[in-house]
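Protein chains: 2
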Amino acid sequence: MPDTVNDTTTAPALGHLYGVGIGPGDPELMTIRAHRVIQACPVIAHFAARRRQGNAWSIIEDSVTAQQTVLRLEYPVTTEAIEPADYERQIAEFYDRSADDIAAQLDHGHDVAVVCEGDPFFYGSYMYIHQRLARRYPTTVIPGVTSVSAATAAAGVPLVSMNETLTVLPGVMQPAQLKEALANVDAAVVMKVGRHLADIRDAADAVGLAAQAVYVERASCATERVVPLADTAEIEAPYFSLVLIPGTGLDARSRPVR
Amino acid sequence: MPDTVNDTTTAPALGHLYGVGIGPGDPELMTIRAHRVIQACPVIAHFAARRRQGNAWSIIEDSVTAQQTVLRLEYPVTTEAIEPADYERQIAEFYDRSADDIAAQLDHGHDVAVVCEGDPFFYGSYMYIHQRLARRYPTTVIPGVTSVSAATAAAGVPLVSMNETLTVLPGVMQPAQLKEALANVDAAVVMKVGRHLADIRDAADAVGLAAQAVYVERASCATERVVPLADTAEIEAPYFSLVLIPGTGLDARSRPVR
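Sequence lines, in order, name chains A and B.
For the first sequence, the numbering used here gives the first residue as 1, with consecutive numbering after it.
For the second sequence, the numbering used here gives the first residue as 1, with consecutive numbering after it.
Isolated chain A, as found in the complex (with noise of 0.2 Å):
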């Protein structure tokens, strides 16, 4: 099976890199392969926000030992004012940290494990180690499951069947613009809810989907909330939450005979 993204740059003495989906929240949902590779790598290295333990060593911790070094990148700036260009140079200045803290324990000749919540290229922090060493070292992506995958599982709510179109988008768009998105969608995701969730309400209820949004928090983590997108007034979103706008197709075609 291949494994390796790029080989090109293989040195027998160097570490190998890997961009490891640990999935949604669920320990549980971690791929067999996540789950190996993070217990076969010396060094496990993982983002946090400050003050915080962070979701993703929150889902491996468990399968992790003493035995392993772990690294812990800190964001230097989370949600404080500041202004964009600032914030933009401080992130770089981070990633570029976090990327020569990896690549001194890969010029040491250890695999490291840069562990990911969902998908390494599905909006993860991983891409940013990617940019920064995949053209340097041995790199294998291991792709994960999902915040989306698991918002409609938890929902009970099929998202796309049949030749039905999927639209992902940021909540942080404009009111205009996202209901302009909206309009003329099949099916729509809308990703990182946060603030913004009496914009999309609006949005989708101006483009007539609102009847069969669905709001899902914490995908498969222990504080998982499904609330229909109608009756969320009363509810302050967190980061990690979306509104899930199912397609209509399965309806339409292929419905029960009988």
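The hints are simulated quantities; they were obtained by calculation from the structure and are not laboratory data.
Just to be clear, a hint being listed does not mean it is correct.
Unchecked claim - Below, a list of computed lysine-lysine pairs in the BS3-like style, where the Cα atoms sit at most 30 Å apart:
1) B/Lys179 x A/Lys192
2) B/Lys192 x A/Lys179
3) A/Lys192 x B/Lys192
4) A/Lys179 x B/Lys179
Unchecked claim - Label-pair ranges, simulated between beta-carbon atoms:
5) A/Ala233 x B/Thr223: 46 to 56 Å
6) B/Thr69 x A/Gln39: 51 to 61 Å
7) B/Gln67 x A/Gln39: 28 to 38 Å
8) B/Arg136 x A/Thr248: 50 to 60 Å
Here a beta-carbon is modelled for each residue, glycine too, at the ideal position from N, C-alpha and C.
Guided by the hints, dock chain B onto chain A, whose structure is given.
Relative to chain A, chain B alone:
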């Protein structure tokens, strides 16, 4: 952890229905939970084309023992020349019969795992069973790794980052529609390529996205293939292939400082 999509109809004697996402092809890309549930259920149901072993079966066969009952649900029609309306009716009747077979097991108190490649609610065949049975039996859906995630991992291509939008399209779209749909995307995936490869290449070319696009066939399987879209003129694409058009946001923002 919430485990039950619909437990309002729970009667003690009824079996539990599991819709199990088993990932894109590599058995190691099953989740730990999917593997556990497949091993624990006395009855395993899977779809298969006529005269084929079935992709789903090839993923799970090493996890199934002779003590388990296997329901092979064989599609009555595949790519034969057949009237669309006739096809729709035959397929709907087939799903009805399949649901009846599964319901008979559940009525006897046997738990049934209906396995499904990828993720059950992302173009998954399990949906048609869910639609027919989830209201009548306690039901749990286990999300899986999609072929999209497997393809981006295989290609080493970050798909969407930051505030980018992702559009997932079926290859069967008319060329003009496809071109229009691709005209304004941040990132896109065209699924189920098959005989539409040339049209997809033309559309990507027309909107200036051909250079970054990647064709991926049977991601994570032994026969996996990754080819730049521009170099696919000689390729006869199978149904299980897709085209990735990665977003460029990662390059534009938070790029390495050095």
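Consistency of the hints with the structure:
no.	hint	in the structure
1	B/Lys179 x A/Lys192	holds (29 Å)
2	B/Lys192 x A/Lys179	holds (29 Å)
3	A/Lys192 x B/Lys192	holds (28 Å)
4	A/Lys179 x B/Lys179	holds (22 Å)
5	A/Ala233 x B/Thr223: 46 to 56 Å	holds (51 Å)
6	B/Thr69 x A/Gln39: 51 to 61 Å	violated (33 Å)
7	B/Gln67 x A/Gln39: 28 to 38 Å	holds (29 Å)
8	B/Arg136 x A/Thr248: 50 to 60 Å	violated (22 Å)
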